[in-house]
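K.L.:
Here is what each chain is made of, one letter per residue.
There are 2 protein chains.
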Amino acid sequence: MKRTHFAKQLNEDIIGQNVNVAGWIEDIRDIGKIIFLVIRDITGPIQVIVNPKKFPQINEIPRQSSIIISGEIQKSKSKEMKVELRLEEIGETFYAKHPLPIDPTGRLESALDKRLDARALDLRNENVSNLFIIRSIALEIIRKTLRDELFIEVNTPKIIGSASEGGANLFEFDYFKRKAYLAQSPQLYKEQLILAMDRVFEIAPYFRAENSNTVRHLTEFYSVDIEAAFLDYHDIMEIMERLIKNIITGIKNTGLLDLKENDLVQNILLENKFERLTYNNCIEELKKNDQKVEYGDDLSDLSLRKLGQLHQGFYFITEWPLKLKPFYILENERDPFLSNSFDLQIGYLELISGGSRQHDPDKIRSRLKEQGLNPNNFSQHLRVFDWGMPPHAGCGLGLDRLIMSLTGTLNVREVVLYPRDPDRISP
Amino acid sequence: MKRTHFAKQLNEDIIGQNVNVAGWIEDIRDIGKIIFLVIRDITGPIQVIVNPKKFPQINEIPRQSSIIISGEIQKSKSKEMKVELRLEEIGETFYAKHPLPIDPTGRLESALDKRLDARALDLRNENVSNLFIIRSIALEIIRKTLRDELFIEVNTPKIIGSASEGGANLFEFDYFKRKAYLAQSPQLYKEQLILAMDRVFEIAPYFRAENSNTVRHLTEFYSVDIEAAFLDYHDIMEIMERLIKNIITGIKNTGLLDLKENDLVQNILLENKFERLTYNNCIEELKKNDQKVEYGDDLSDLSLRKLGQLHQGFYFITEWPLKLKPFYILENERDPFLSNSFDLQIGYLELISGGSRQHDPDKIRSRLKEQGLNPNNFSQHLRVFDWGMPPHAGCGLGLDRLIMSLTGTLNVREVVLYPRDPDRISP
Chain A
1 MKRTHFAKQL
11 NEDIIGQNVN
21 VAGWIEDIRD
31 IGKIIFLVIR
41 DITGPIQVIV
51 NPKKFPQINE
61 IPRQSSIIIS
71 GEIQKSKSKE
81 MKVELRLEEI
91 GETFYAKHPL
101 PIDPTGRLES
111 ALDKRLDARA
121 LDLRNENVSN
131 LFIIRSIALE
141 IIRKTLRDEL
151 FIEVNTPKII
161 GSASEGGANL
171 FEFDYFKRKA
181 YLAQSPQLYK
191 EQLILAMDRV
201 FEIAPYFRAE
211 NSNTVRHLTE
221 FYSVDIEAAF
231 LDYHDIMEIM
241 ERLIKNIITG
251 IKNTGLLDLK
261 ENDLVQNILL
271 ENKFERLTYN
281 NCIEELKKND
291 QKVEYGDDLS
301 DLSLRKLGQL
311 HQGFYFITEW
321 PLKLKPFYIL
331 ENERDPFLSN
341 SFDLQIGYLE
351 LISGGSRQHD
361 PDKIRSRLKE
371 QGLNPNNFSQ
381 HLRVFDWGMP
391 PHAGCGLGLD
401 RLIMSLTGTL
411 NVREVVLYPR
421 DPDRISP
Chain B
1 MKRTHFAKQL
11 NEDIIGQNVN
21 VAGWIEDIRD
31 IGKIIFLVIR
41 DITGPIQVIV
51 NPKKFPQINE
61 IPRQSSIIIS
71 GEIQKSKSKE
81 MKVELRLEEI
91 GETFYAKHPL
101 PIDPTGRLES
111 ALDKRLDARA
121 LDLRNENVSN
131 LFIIRSIALE
141 IIRKTLRDEL
151 FIEVNTPKII
161 GSASEGGANL
171 FEFDYFKRKA
181 YLAQSPQLYK
191 EQLILAMDRV
201 FEIAPYFRAE
211 NSNTVRHLTE
221 FYSVDIEAAF
231 LDYHDIMEIM
241 ERLIKNIITG
251 IKNTGLLDLK
261 ENDLVQNILL
271 ENKFERLTYN
281 NCIEELKKND
291 QKVEYGDDLS
301 DLSLRKLGQL
311 HQGFYFITEW
321 PLKLKPFYIL
331 ENERDPFLSN
341 SFDLQIGYLE
351 LISGGSRQHD
361 PDKIRSRLKE
371 QGLNPNNFSQ
381 HLRVFDWGMP
391 PHAGCGLGLD
401 RLIMSLTGTL
411 NVREVVLYPR
421 DPDRISP
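These protein sequences, in sequence, are chains A and B.
Under our numbering, the first residue of the first sequence carries the number 1, and numbering increases by one thereafter.
Under our numbering, the first residue of the second sequence carries the number 1, and numbering increases by one thereafter.
In short, the hints are calculated from the structure, not lab data.
One or more of the hints may lead you astray.
For chains that are exact copies, the list does not tell them apart, and a pair is met inside one copy or across any two.
Unchecked claim - Distance condition first, Cα-Cα at most 30 angstroms in a straight line; then the derived DSSO-like pairs of lysine-lysine:
hint	residue 1	residue 2
1	8	144
2	252	144
3	79	97
4	2	77
5	245	8
6	323	8
7	75	288
8	144	245
9	325	53
10	54	79
11	325	75
12	2	323
13	53	2
14	97	325
15	79	252
16	325	2
17	114	363
18	245	325
19	288	369
20	97	369
21	8	75
22	177	114
Please read these numbers as outputs of a predicted model, since none were measured by experiment.
Bound-form chain A, shown alone (with noise of 0.2 angstroms):
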């Protein structure tokens, strides 16, 4: 026996038609007369009416099996489904063994570290499973939005030779007797990239070994980085805004949030511009807000924390002192203490970092230095500039964090299939 449908494509159009449908068991109710019969695949459930006299052994399978049936497309009594389907014929059945380690209908809620350790069960339930159909969706969004504005995918390697971006909190293994890295962004080769690319994105994974356990943390997280030439910080940020209003437009349209529960995508105004302030404006504000904070500081977590209340939904925050953006961003050309770079905020959340690029190779030599990097171990990277490297600028959103703030989920392990921190390698 084959499927012949999903859940989603049982509708009023095919009543009278024998279907093979396949899924699991999410329930079972034996009313005497009748067994109703609840089987779930990935687009939905879908409700089987059983004759006990015809399927006795029906009521002998576990819940959670999963199960391959034959039957025919009738209208529903009920209200809340417009098809029922008449079992006429049961097909192979894949026994659950019970007790099962959580219950994935949500009856009995369970802890996430519980849950994480049985993901494949966890994932029967809907609003689970849901949160990975919007991640799936946002990934198609975002690589749409980048095409059109003429972005090309490229894929950059993850095992790099030396490391880049200072090596503090990289993984480090042998490669055939010699060092090699796990890299922690895509940032130096995307920025050699634009010298013949122009525009080009990448959507991948990303390591930090960093000990450090938090709900916003991962020590394999994705990252979605884009670099173009001839564009500056605020045409970045443009971009980066037109994206997550396509990403919040398509993630209302699937229907799958409960969006009661979710201010940030329910009450989102679209035609509004994300707020923008500079590092000055925060400083400002932060200080009549009685925090602790001087001019030049970095934002503590706890002033983050304040701006976020100060400030709804997404926001940037721009033209950062130099001396807090890595090596590769650009000095402000009115004012060299600061820098051409922003970050999106939500809430108290860095989302994206981005900026200009610097791109006098002397210039990134003597910020290597200031920073205690040595530029003879960027030197692969730095021959790049000598080839006519136009002006760029780019930008890192951290895909896990956004989908988390989304979907109103409060710990970025919710949003990842199988999430890494310090504690956790398994399943």
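Given chain A, work out where chain B should sit, using these hints.
P.N.:
Here is chain B on its own, set in the frame of chain A:
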């Protein structure tokens, strides 16, 4: 000055308009009264007409320097192009320092190693960047095809806590005082996920610590993985055949490849089914062709080269002996010496490996033992099979190899921006 147009956006509709274009200087020809300048961006070349009295400095700019200029679009007198640009203003110039390590115009050929050392510059050759535009288009087509077949895109971890699939050739590293490994494939994760998500796909980098230096092996490679509940290996072959035909159609439509030199893409008849040979067929055919091979043997490189001569285009080899396949492959129901497996070949090159999966956990345990693996190391994986695991099938496609064969290149390094092999980890 801001770029207003890319090269390909210049056409007869905007004759008389003033535009700003940006790119690099590919050529300068001074014929006295006029200087012809060719500026190229990723979308193509632009011919620029320069008045040497007005812009005498243009001859001083080294080739490959990046530049932004302004001018009026006019009808071209040349037969090779419809419009050209009359230079009116030169914006900022970003100088290329000569001598350059390679000549990206292709007038002087360089060895592949030298080109890879200067990859960013190498990509200014249109024939090179076209390979990566084709790669990005192939990625887009793959995702669209799979979404249309109801596959959901997922992201599984690249850091794994136990040496799945045998443990040979894994990169190992210290993960907060524990051992961790880089994933060789998403095999176990994608199988787990179909318990709830029905059909999943992932396109991601994987890692193999294999000390071999051939034209078809890399230590970091991109794989397209799919897995589906309630489908078998025949279904998966059908999906992959449709997928590859869609990619070929898409690549043909780009016009980016010189098809005269690429028999594969030019000659493949999309209306014909890919040939399907059983392993048995192959052994008989090889014996007839005086190859030393016995029933039950793996097919050597030499055998595959012979088969590649005998079979044009793509061909499947199905129903391999079970012992030659990994522990997760299902035995054949008619002949348990064989398996419900397939490879897709092009010439001697294996592009896809797939099959129906074993879904009985006791049989997986026996096969693990047969292959010298300890089932206890797979306990986190095997428990999923007690939760109502449906029958399933899937495959992995080597993306780099596919792009290599479709573009008619002879070394997989040609189609990977920054390839990784035992000798190469930078740039």
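K.L.:
Work down the list of hints and note, for each, if the structure agrees.
P.N.:
Hints versus structure:
1. 8 / 144: both (25 angstroms within a copy, 20 angstroms between copies)
2. 252 / 144: both (17 angstroms within a copy, 21 angstroms between copies)
3. 79 / 97: neither (33 angstroms within a copy, 75 angstroms between copies)
4. 2 / 77: Answer is within: at 28 angstroms inside a copy they meet the 30 angstroms cutoff, but 64 angstroms across does not.
5. 245 / 8: Cα proximity of residue 245 and residue 8: in one copy and across copies (28 angstroms, 28 angstroms).
6. 323 / 8: neither (54 angstroms within a copy, 40 angstroms between copies)
7. 75 / 288: neither (65 angstroms within a copy, 61 angstroms between copies)
8. 144 / 245: both (13 angstroms within a copy, 22 angstroms between copies)
9. 325 / 53: neither (73 angstroms within a copy, 45 angstroms between copies)
10. 54 / 79: within (26 angstroms within a copy, 80 angstroms between copies)
11. 325 / 75: Neither: 63 angstroms inside a copy, 47 angstroms across copies.
12. 2 / 323: Answer is between; shortest inter-copy Cα gap is 28 angstroms, intra-copy 63 angstroms.
13. 53 / 2: Classified as within: same-chain Cα gap 25 angstroms, cross-chain 77 angstroms, threshold 30 angstroms.
14. 97 / 325: between (54 angstroms within a copy, 28 angstroms between copies)
15. 79 / 252: For residue 79 and residue 252, the Cα distance is within 30 angstroms only inside one copy (25 angstroms; across copies 51 angstroms).
16. 325 / 2: Intra 57 angstroms, inter 26 angstroms, cutoff 30 angstroms: inter-copy only.
17. 114 / 363: Answer is between; shortest inter-copy Cα gap is 27 angstroms, intra-copy 51 angstroms.
18. 245 / 325: within (27 angstroms within a copy, 47 angstroms between copies)
19. 288 / 369: neither (36 angstroms within a copy, 69 angstroms between copies)
20. 97 / 369: Answer is between; shortest inter-copy Cα gap is 23 angstroms, intra-copy 61 angstroms.
21. 8 / 75: within (15 angstroms within a copy, 56 angstroms between copies)
22. 177 / 114: between (39 angstroms within a copy, 23 angstroms between copies)
The structure shown violates the earlier hints numbered 3, 6, 7, 9, 11 and 19.
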